[in-house]
Amino acid sequence: SQQGEEDPQALSIQEGENATMNCSYKTSINNLQWYRQNSGRGLVHLILIRSNEREKHSGRLRVTLDTSKKSSSLLITASRAADTASYFCATPTRDYGQNFVFGPGTRLSVLP
Amino acid sequence: DAGVIQSPRHEVTEMGQEVTLRCKPISGHNSLFWYRQTMMRGLELLIYFNNNVPIDDSGMPEDRFSAKMPNASFSTLKIQPSEPRDSAVYFCASSLDGNTEAFFGQGTRLTVV
Numbered sequence: 568s569q570q571g572e573e574d575p576q577a578l579s580i581q582e583g584e585n586a587t588m589n590c591s592y593k594t595s596i597n598n599l600q601w602y603r604q605n606s607g608r609g610l611v612h613l614i615l616i617r618s619n620e621r622e623k624h625s626g627r628l629r630v631t632l633d634t635s636k637k638s639s640s641l642l643i644t645a646s647r648a649a650d651t652a653s654y655f656c657a658t659p660t661r662d663y664g665q666n667f668v669f670g671p672g673t674r675l676s677v678l679p
Numbered sequence: 264d265a266g267v268i269q270s271p272r273h274e275v276t277e278m279g280q281e282v283t284l285r286c287k288p289i290s291g292h293n294s295l296f297w298y299r300q301t302m303m304r305g306l307e308l309l310i311y312f313n314n315n316v317p318i319d320d321s322g323m324p325e326d327r328f329s330a331k332m333p334n335a336s337f338s339t340l341k342i343q344p345s346e347p348r349d350s351a352v353y354f355c356a357s358s359l360d361g362n363t364e365a366f367f368g369q370g371t372r373l374t375v376v
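In order, the protein sequences belong to chains A and B. Be aware that the first sequence starts at 568, since it is given in my numbering, and climbs by one per residue. Be aware that the second sequence starts at 264, since it is given in my numbering, and climbs by one per residue.
To be clear, the hints were calculated from the coordinates, so they are not data collected in a lab. Given the structure is predicted, the values throughout are model-derived calculations rather than measurements. Glycine residues also receive a C-beta, built at the ideal position from the N, C-alpha and C atoms. Keep in mind that a hint or two might mislead.
Here are some, though not all, of the chain B residues that point toward chain A, as calculated from beta-carbon distances under 7 Å [stated by the list, open to error]: (1) 296; (2) 365; (3) 368; (4) 369; (5) 370.
Work out the full structure, taking the sequences as your base and the hints as a guide.
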C-alpha cells in the first residue's frame, strides 16, 4: 500500500503563475521527498525536507511540511513551460520496504 | 559516477519469450528498487533489495517475474514467459541507504507482441 499520495491529480496553469501541489501520508516519517518525472523518463529528485523541518527552499521551489496534519506542499513559483511534468512525493519511514512507494502523482501542465 | 544504468533501453519480444532486464546501481548504494510504469496502473514498486538481499517483493505481480541481485553492482529482472500485458516501462533506482534520495535509471521500454 502506498504511504504518500499527491493531489490534485492534474493541474493546468499559465506560464508565470505559481503551482501548488500537495502530498498526504499516513504514518510517521523520517523525511519527505519530492520528485519530478518528464514524460517517459526516470524520476528526478527535487528536494528533501526532514521531519523536524517545517519549510525548505531550493531555487523556485518551496516545500512545507506539517507533521501534525501529515501533509506537505510543493510550491513552484513563476512557472515555466519546462516545469510541465508529473510530480511525486516519497515518504521514507522506519519500514524501509515501503519507503519509495509512489502515489499517482500530480500532472502539471504549464501553458505558454 | 554515470548514474543508474539500465539495459536495454528498448526491448520488443514475442509473447512466451523470456525477457531479462539489467540494472547497474550507483557504486556504494546499498538499496535497489525495481518499478513498472503503465498509464493504467501508474508507477508500481515491484521489489526492493537492501545489501543485495530482497527485502520486499510483495509488488511482484506473479511467478513469471523474478529478480536477482548477485552482487552490489548488478541486478536483473526476468519475465518468463512474457505476455502482452507485461508491456510497460521498467525502472531501476538506487539509494545510498534506502532513506535518502533515490536515483532512477532511464528505464527499459518493454513491448510484448
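Worksheet item: So which of those numbered hints doesn't the model satisfy?
Response: none
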